[in-house]
Amino acid sequence: MEIELTRRAETVNELLARYGVKFGIYKDNEFKEQLFPFDTIPRIIKKEEFAYLEKGLKQRVMALNCFIRDIYGEKKIVRDGVVPEEFVYISSGYLAPCDGVVPPKGIYTHIAGIDLVQGKDGSWYVLEDNLRVPSGASYPMIAREICRKSSPDTFETYHVEDNRDYAKLLRWTMDYVNTGGHTVILTPGRYNAAYFEHSYFAEKTGAHLATGRELVVEDDYLYFVDYSGKREKVGAVYRRISDEYLDPMTFNEESVIGIPHIYDVYRKGHVALLNAPGNGVADDKGIYYFVPKMVRYYLGEEPVLQNAPTYLPYYEEDMRYVLEHFDELVLKDVAEAGGYGVVFADRMTAAQKEDFIALLKREPRRFIAQEVIDFMDIDILENARRTPRKADLRAFVLMVDEPIVWKSGLTRFSRDPDSFIVNSSQGGGFKDTWVLSQ
Amino acid sequence: MKTLRFHYHMELAFSEPVHSHVYTLKCLPKTTGTQRIETCAYRISPESSVREGADSFGNRMLYGKAEEAHSLFQVDVNGTAVTDITASCEEQEATDCSVYRYQTPLTRPGERIGELLARCRERTGELPPADRLRVYTEAVHESLRYEKGVTDIGTSAEDALALGRGVCQDYSHILLSLCRADRIPARYVVGMLLGEGESHAWVEVCDGGRWQGFDPTNNVPVEDGHIKISHGRDYRDCSINRGVFTGQARQRQTILVEVTPV
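Order-wise, the sequence lines are chains A and B.
Taking this note's numbering, I'd label the letters of the first sequence as residues 120 to 557.
Taking this note's numbering, I'd label the letters of the second sequence as residues 6 to 267.
None of these hints come from the bench; they were simulated from the model.
By construction, the Cβ of each residue, glycine as well, lies at the ideal position given by its N, Cα and C atoms.
Hints are supplied without guarantee of correctness; some may be wrong.
Below, a list of computed lysine to aspartate or glutamate pairs in the DMTMM-like style, where the Cα atoms sit at most 25 angstroms apart [said to hold, decoys possible]:
hint : chain 1 : residue 1 : chain 2 : residue 2
1    : A       : Lys195    : B       : Asp212
2    : A       : Lys195    : B       : Asp101
3    : B       : Lys35     : A       : Asp437
4    : B       : Lys35     : A       : Asp218
5    : A       : Lys349    : B       : Asp89
6    : A       : Lys349    : A       : Glu363
7    : B       : Lys35     : A       : Asp338
8    : A       : Lys387    : B       : Glu163
Computed, partial: chain B to chain A, Cβ under 7 angstroms [stated by the list, open to error]:
hint : residue
9    : Val27
10   : Thr29
11   : Leu33
12   : Arg56
13   : Ser61
14   : Tyr68
15   : Tyr107
16   : Arg247
17   : Val249
18   : Gly252
Input sequences plus hints: build the corresponding full structure.
Right, here's the structure in full:
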């Protein structure tokens, strides 16, 4: 099957470049903006298959939200011995200042980016739950827009769910928790890796795009100050800066991109922050192991989606397994993200292995080990020829009165044929994700 | 039981005027199981609109913004407290002490703390926690010589112990490190001490559902002469003053505390 669109690859990529679809990378301490390479062959997900993913994703995000609420509240799951206490308190995502603070409508995971891969046998596995500030939805949004312009016939021929409603869903998510006032997208500024996305979302949702300098706290409320000095009350902030930098008066004192006292305003319920501070405790790689258990614990249901087979060297039994099957596993440092701190055991030299095993024994809590999943390859066009590459799927789940799964997603692929790492910060490319409507 | 009058004074002197000075202060003692705050009034200058709140540890906070240019920022707190450590059994707070069982970057033990703990263990054996604490408190007291200006707010327990000198904050961090390495939940406390001086720091440990204070700087259990202001996992959770301002000034902080019996 040849999709007409793929013959327009050059036009599409030229247009994406013209619209500034870029991704920032810091290399050797220098900021460089790179085009985010787009491949015109879409990932196609059939209607029934997506219905299955949708069910599993909703369930998973519901359970994660329950977990975060519990951890910063009653801590029942810890008391009941389902999640060991140290996995919570040693996690870098656990923030003590969030204890006892309930966000508007009890929502912590407003926008979740769940990373999945499909094995060769067709079964799906969740690799990561990104709950802090997951990025990427803007890329398939704008790519679809441009593809439709470049090849309108393609979308006449195929019945594809329209994904251009993401802005509407995002706006709804922000409005749902708004405590009264304007809606703001808070960006660290144009030297951020995802600045394109911040500005694109602001444009598409009608929210104000602001940096910390344009927001001030006065008498327990948050205000947006425009260029003329006029103040407007803010009721919701979709913040694209991490917890540590959000408020120097509560978190990292050195932060100059945050807003002093915004956390105190939030604590008093006078503004909504999306996503809620502190929810990194649930996207910790160590906590990931427990997500299927959370589904059973909070929802009393069997998990629809499975984790990649994961071992926790913290448990003696798992440590034994890891040492016995070391060469077959991929090891991940729980404190790292963005494809960093991931090592494939079979690619280590003997000396590296020895050092790593010593480290693993010394700090068992720091690592998880996973079976290497044999991904189903997806074709990309390279020099006008189809060639297979590893790819994953980031599905976006937005939380309103119940979770909503966006009928699209970001498919990232590795450009290096030998690599499993698809992160855009490591030079990967992306594809549109088509969900068929019939 | 003691009735104490306290006066807490903090000032920041800036080398040049600063403005848009945003601050959060944790300097108000609160009523707990072992102390009752009868009166407590504060004054902040330059005057600005001040809000009250509480952090997740239950500490009282004052926060606000001094907009206009100033070279001196002053906080005064005056009040009376009735302290009674024998009343501590009735204390309702903090049934969940899990968060205080884990080391923080400031308390994480290294080789020196490991050695100190091993030496203590030779003496403590299987003693109950309260008795082990007396041994630890004394060991910390003896391992450090009190000296100002050699450590700062970022000095870890391990570094202070290696240096062998420090102030109440360092004594407390080392004791916290020992307790937590021994799986005893322990928290950092900031407060005021009978007499004249600066603010003080000590440690509370959770033993049998009840928090008990130990003061490693003075090698004593906490008694009625201690007025508690705040607690947290380490110094960082309790810092009395956090602030950001606009201006290129150096700042000098002075704290004066006076506690007298009534």
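Going through the hints against the structure:
Distance check on the hinted pair: A:Lys195 and B:Asp212 sit about 22 angstroms apart at the alpha-carbon level, within 25 angstroms; holds. For the hint linking A:Lys195 to B:Asp101, the alpha-carbon distance of about 11 angstroms falls within 25 angstroms, and the restraint holds. Pair hint B:Lys35 plus A:Asp437 does not hold up; C-alpha atoms about 47 angstroms apart against a cutoff of 25 angstroms. Restraint check: the Cα-Cα separation between B:Lys35 and A:Asp218 comes to about 19 angstroms, which is no more than 25 angstroms; the hinted pair holds.
Under the criterion of a C-alpha separation no larger than 25 angstroms, the hint pairing A:Lys349 with B:Asp89 is inconsistent with the structure, at around 53 angstroms. A C-alpha spacing of about 29 angstroms is found between A:Lys349 and A:Glu363, which places the hinted pair above 25 angstroms, so the restraint is violated. Proximity of B:Lys35 to A:Asp338 is assessed by CA-CA distance (about 23 angstroms); at most 25 angstroms being required, the pair is judged to hold. Our distance criterion of 25 angstroms between C-alpha atoms is broken by A:Lys387 and B:Glu163, whose separation comes to about 38 angstroms.
At about 4 angstroms, the closest approach between the beta carbon of B:Val27 and any beta carbon in chain A falls short of 7 angstroms, and the interface hint on this residue holds. A cut of 7 angstroms between beta carbons decides the hint on B:Thr29: the least distance to chain A is about 5 angstroms, and the hint holds. Residue-level restraint check for B:Leu33 is violated (minimum Cβ-Cβ distance to chain A is 15 angstroms; threshold 7 angstroms). Hint on B:Arg56 holds. Least Cβ distance to chain A is approximately 6 angstroms, under the 7 angstroms limit.
Proximity of B:Ser61 to chain A holds as hinted, the smallest CB-CB distance being about 4 angstroms (cut-off 7 angstroms). Annotation: B:Tyr68 was flagged as interfacial toward chain A, and the flag holds, the nearest CB pair being 6 angstroms apart, inside 7 angstroms. Satisfaction of the interface hint for B:Tyr107 is found here, the shortest Cβ-Cβ separation to chain A being roughly 5 angstroms, below the 7 angstroms cut-off. Below 7 angstroms, beta-carbon pairs count as interface contacts, and B:Arg247 has one with chain A at about 5 angstroms; its hint therefore holds.
Because the smallest distance between the Cβ of B:Val249 and any Cβ of chain A comes to about 6 angstroms, under 7 angstroms, the interface hint for this residue holds. Interface hint status for B:Gly252: violated, as the beta-carbon distance to the closest one in chain A is roughly 14 angstroms, over 7 angstroms.
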